[in-house]
Amino acid sequence: MNQHGLAKSAILAASIAVLAGCSSTMKDDMATDTAATDTATTTTTTAADSSTSTAGVSENGLTAEQIQARQDAAFAADTLFFFDYDQASIKAEARAALQAHAAYLSANADAMVRLEGHADERGTRAYNVSLGERRANAVKRYLIVQGASSAQVETVSYGEERPLSLSQTEEGFARNRRVELIYK
Amino acid sequence: MLRLFLLLVLSLSVTARAELVIEITEGIDDPIPVAFVPFQWQGSGALPLELADLIENNMERTGLFEGTPRGNMLSRPATGADVVFRDWRLIETEYLVIGRVIPNGGQLSVEYELFDVFGQASLLSERIPGTAEQLRDIGHFISDRVFEKLTGKRGIFSTKLAYITVERRSEKDQTYRLMYADADGARPIPIFQSDFPIMSPVWSPEGQRIAYVSYETGRPMIYIQELATGQKTLVADYPGQNTAPSFSPDGRRLVFSNSQSGNAEIYVKNLRSGNLAQITRSSAIDTEPRFSPDGDSILFTSTRAGNPHIYEYDVTTGQSTRMTFEGRYNSNPTYIPGDERIAFVHQYDRDYQIAVMTPNQTDLQVLTASGYDENPSPAPNGQMLVYATSNGGKGVLGITSIDGRVNVLVPSNAGDVREPAWSPFLN
Numbered sequence: 001m002n003q004h005g006l007a008k009s010a011i012l013a014a015s016i017a018v019l020a021g022c023s024s025t026m027k028d029d030m031a032t033d034t035a036a037t038d039t040a041t042t043t044t045t046t047a048a049d050s051s052t053s054t055a056g057v058s059e060n061g062l063t064a065e066q067i068q069a070r071q072d073a074a075f076a077a078d079t080l081f082f083f084d085y086d087q088a089s090i091k092a093e094a095r096a097a098l099q100a101h102a103a104y105l106s107a108n109a110d111a112m113v114r115l116e117g118h119a120d121e122r123g124t125r126a127y128n129v130s131l132g133e134r135r136a137n138a139v140k141r142y143l144i145v146q147g148a149s150s151a152q153v154e155t156v157s158y159g160e161e162r163p164l165s166l167s168q169t170e171e172g173f174a175r176n177r178r179v180e181l182i183y184k
Numbered sequence: 185m186l187r188l189f190l191l192l193v194l195s196l197s198v199t200a201r202a203e204l205v206i207e208i209t210e211g212i213d214d215p216i217p218v219a220f221v222p223f224q225w226q227g228s229g230a231l232p233l234e235l236a237d238l239i240e241n242n243m244e245r246t247g248l249f250e251g252t253p254r255g256n257m258l259s260r261p262a263t264g265a266d267v268v269f270r271d272w273r274l275i276e277t278e279y280l281v282i283g284r285v286i287p288n289g290g291q292l293s294v295e296y297e298l299f300d301v302f303g304q305a306s307l308l309s310e311r312i313p314g315t316a317e318q319l320r321d322i323g324h325f326i327s328d329r330v331f332e333k334l335t336g337k338r339g340i341f342s343t344k345l346a347y348i349t350v351e352r353r354s355e356k357d358q359t360y361r362l363m364y365a366d367a368d369g370a371r372p373i374p375i376f377q378s379d380f381p382i383m384s385p386v387w388s389p390e391g392q393r394i395a396y397v398s399y400e401t402g403r404p405m406i407y408i409q410e411l412a413t414g415q416k417t418l419v420a421d422y423p424g425q426n427t428a429p430s431f432s433p434d435g436r437r438l439v440f441s442n443s444q445s446g447n448a449e450i451y452v453k454n455l456r457s458g459n460l461a462q463i464t465r466s467s468a469i470d471t472e473p474r475f476s477p478d479g480d481s482i483l484f485t486s487t488r489a490g491n492p493h494i495y496e497y498d499v500t501t502g503q504s505t506r507m508t509f510e511g512r513y514n515s516n517p518t519y520i521p522g523d524e525r526i527a528f529v530h531q532y533d534r535d536y537q538i539a540v541m542t543p544n545q546t547d548l549q550v551l552t553a554s555g556y557d558e559n560p561s562p563a564p565n566g567q568m569l570v571y572a573t574s575n576g577g578k579g580v581l582g583i584t585s586i587d588g589r590v591n592v593l594v595p596s597n598a599g600d601v602r603e604p605a606w607s608p609f610l611n
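Just so you know, the sequences run in chain order Y and F.
Here the first sequence is numbered in this note's numbering, starting from 1 and rising by one per residue.
Here the second sequence is numbered in this note's numbering, starting from 185 and rising by one per residue.
These aren't lab readings, by the way, just hints derived from the structure by calculation.
Hints should not be assumed to be uniformly reliable.
[As the list claims (entries may be wrong)] Here are the computed lysine-lysine pairs in the DSBU-like style, where the Cα-Cα straight-line distance is at most 30 Å:
| # | chain 1 | residue 1 | chain 2 | residue 2 |
| --- | --- | --- | --- | --- |
| 1 | F | K337 | F | K416 |
| 2 | F | K344 | F | K578 |
| 3 | F | K333 | F | K344 |
| 4 | Y | K91 | Y | K184 |
| 5 | F | K344 | Y | K91 |
| 6 | F | K356 | Y | K184 |
[As the list claims (entries may be wrong)] Just so you have them, the derived chain Y footprint on chain F, three or more residues with Cβ under 8 Å:
| # | region |
| --- | --- |
| 7 | 466-474 |
| 8 | 484-492 |
Beta carbons: idealized from backbone N, C-alpha and C, even for Gly.
Just chain Y, with the same shape it has in the complex:
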């Protein structure tokens, strides 16, 4: 599946927020939120091709239009999520896009994502692999809490091995402290 850029997703941010519902009361620190990870995995059983049906309501209670809307929103949403230095907490501004991805995954049990965790170059390399993994795991937990199944989400950390920016500035470091969401 194609990934869309930041500009396009910004245009659609408002509709995503509406679709996904308001969750501004979510805790900031998703890294500590582990309780719900394994209990939310049975909510989606619909096959991916349900979105091609032209009428009626699918097993998960969504109309084809609703599923299509979720897909459009997910494809338009950000796939890059940024983090603070040496932190693995999801930022508030990442939630709307993550909710769109979770909604799409929830509606399409065959859809799979790979979350690639990254760190900036500061600090040591092996440590940064673990830090990037924590970031990917925080995003995974959030997607699951929001309705995705754990089987749909794979994580890997590249630590500081694949920087987006080679600039040794705070701006460059900030670009590199990220999780990339990639549909498989």
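Starting from the known structure of chain Y, arrange chain F on it as the hints suggest.
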């Protein structure tokens, strides 16, 4: 500390393959003057290597010695009978290294002699048989012998370095190489290459194997490669990330970090039986384990107190004790052979620097100053550390003496150079 800025460029470019050019950025203020007289060649044609240059470069790189300029030499003896000590006293040379290379059938032999100029005495005299192709090895051997005679410490010039180079074309289009080179950076050879990350090379204690992390399957797994055969064995493909390997001193076990529990913990794998034992249990990151030389303890990095700090695991009791309290980020620890101190990456407030410290003491000493220094790996004689640093935005290697008085930069023209690992003694 006085800075010398010797900017010593070694003539490693005998072949186009040489990648590392060494530059001394900081040295001691009073290195010992030693004359390295060009070795006499008694055969026909030219030798592929000038031994006196190689030995002089090796000795100068330690920061302890300074070669006498050739132009100042009043004589150029090749044998002990030719040495006139007054010629060397006059130019204030304290030690003298002379030698000659003698054809010997299809092979050759190298004779060298080390003199104490003021004591007017021969300290060392040897004859080494070999071939023209082995001249570089012979030069490193002579360097080891001279260094040990003058310092009482075993030389490391015949040891090797393993390190990673990365050629980057874009974020996801990179070529990683695991390199094997002489301790002075010469003769670099790629021993494994991948379009996916290669990380964390470490030597086995006998120097015949290198363990490393490779992402070639799409996630990090640990492999051990035999240097003699190039044969590579997958040893850790457990669920989650398999990272930061290190051998036990007997070479039979591998300690590493794995996240199959959902969180990075330290595990020890018995390489013969395949048994796996988890040795840390915390909700924090536990990684970068290193066995002590006696195998009784394991240093590692943990965030169990919030920020990364160094801990030591006692193999007998199973208890972990925090080692570092100063600064906000301490990681990447290693023991130092023959030294009670440990080396690690230390961030006090901003810069990441290589530091040494006696466990449970407050003698923390910072050795480096680039701001992006990491991955300290001690030479087997405990006198120097090689580390990864940054120069002009590019990863390069640095070598520092264990007292921080001598700092050598090893700039590269081969992309980013990172994660050096100094071999054990190999002979």
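Structure-based check of all given hints:
| no. | hint | result |
| --- | --- | --- |
| 1 | F:K337 with F:K416 | violated (35 Å) |
| 2 | F:K344 with F:K578 | holds (22 Å) |
| 3 | F:K333 with F:K344 | holds (21 Å) |
| 4 | Y:K91 with Y:K184 | holds (24 Å) |
| 5 | F:K344 with Y:K91 | violated (46 Å) |
| 6 | F:K356 with Y:K184 | holds (16 Å) |
| 7 | 466-474 | holds (count 3) |
| 8 | 484-492 | holds (count 3) |
Violated hints for the displayed structure, listed by number in ascending order: 1 and 5.
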